[in-house]
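**Q** To convert, take the position in the sequence shown, counting from 1, and add 22; that gives our numbering.
Incorrect hints may have been included.
As the list claims (entries may be wrong) - Using 25 Å as the maximum straight-line C-alpha spacing, the simulated SDA-like pairs for lysine to any residue come out as follows:
| id | residue 1 | residue 2 |
| --- | --- | --- |
| 1 | LYS125 | MET168 |
| 2 | LYS125 | ILE142 |
| 3 | LYS125 | PRO27 |
| 4 | LYS129 | ALA151 |
| 5 | LYS46 | TYR72 |
| 6 | LYS140 | GLU114 |
| 7 | LYS140 | VAL119 |
| 8 | LYS145 | GLU132 |
| 9 | LYS145 | ARG115 |
| 10 | LYS140 | ALA161 |
| 11 | LYS145 | ALA161 |
| 12 | LYS46 | VAL173 |
| 13 | LYS140 | MET168 |
| 14 | LYS145 | ILE70 |
| 15 | LYS46 | ALA156 |
| 16 | LYS125 | ARG55 |
| 17 | LYS129 | CYS44 |
| 18 | LYS46 | LEU74 |
| 19 | LYS129 | LYS46 |
| 20 | LYS46 | ALA161 |
| 21 | LYS129 | LEU74 |
| 22 | LYS125 | GLU114 |
| 23 | LYS145 | GLU127 |
| 24 | LYS140 | LEU158 |
| 25 | LYS140 | GLU127 |
| 26 | LYS140 | HIS99 |
| 27 | LYS145 | MET168 |
| 28 | LYS125 | LYS145 |
| 29 | LYS46 | HIS99 |
| 30 | LYS46 | GLU114 |
| 31 | LYS46 | ASP24 |
| 32 | LYS46 | MET168 |
| 33 | LYS125 | THR76 |
| 34 | LYS129 | VAL153 |
| 35 | LYS46 | ILE25 |
Stated by the list, open to error - Taking CB as the label site, the calculated pair distances span:
| id | residue 1 | residue 2 | range |
| --- | --- | --- | --- |
| 36 | ALA26 | GLU114 | 22 to 32 Å |
| 37 | GLU127 | PRO27 | 46 to 56 Å |
| 38 | GLU95 | GLU32 | 25 to 35 Å |
| 39 | ALA56 | GLU155 | 19 to 29 Å |
| 40 | GLU95 | SER130 | 43 to 53 Å |
Keep in mind the hints are simulated off the structure, nothing from the lab.
Heads up, the beta-carbon is just placed ideally off N, CA and C, and yes, glycines get one too.
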Amino acid sequence: RDIAPSEWEETIAINLSGAFYCAKHVSGVMIERARGSIVNISSVAGRIGYPLRTPYAASKWGMIGLSHSLAAELGPHGIRVNAVLPGPIQGERIDQVIAARAKAEGKSVEEARQWFVKDIPLKRMPTAAEVAEAVLFLASDASSAMTGQAVNVRGGFRMQ
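Taking the hints into account, I'd like the entire structure generated from these sequences.
**A** Below, the structure is given as structure tokens:
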């Protein structure tokens, strides 16, 4: 696929570099307190090939690596680092992705939507609220023994 360098660079800057710089700046305060929790948002695209979304998928694969590396580096300071990997999530954003996929593949929007839903054992896309609940859990003391994890919130979409 023909990807403009600016598209690649913008996606990596926002999705990966942004998370790195946030962690870099907050970790100093967390180290002083000898505790903290960083929860990064990756994607199912960080675990599977994602046709027509190469820059996005690459940034999300990188996010998992960033989270694992930071967990190893910051763990001795009492800081946990995890990632949440949403799959297709109900809402406007996935509707835009589906419409773009339909157009690129010459399919109807409904056919493109089925590409996502057919591989979800729960037969529905999770909601943003369900993703937020996973983030809240990982940020809370209820997950105090978890670090370096990539937690899927995808209704079983493309299980691996």
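**Q** Which hint numbers does the structure go against, in order from smallest to largest?
**A** Hints 1, 4, 5, 10, 11, 13, 16, 17, 18, 19, 24, 26, 27, 30, 31, 34, 35, 37 not satisfied by this model.
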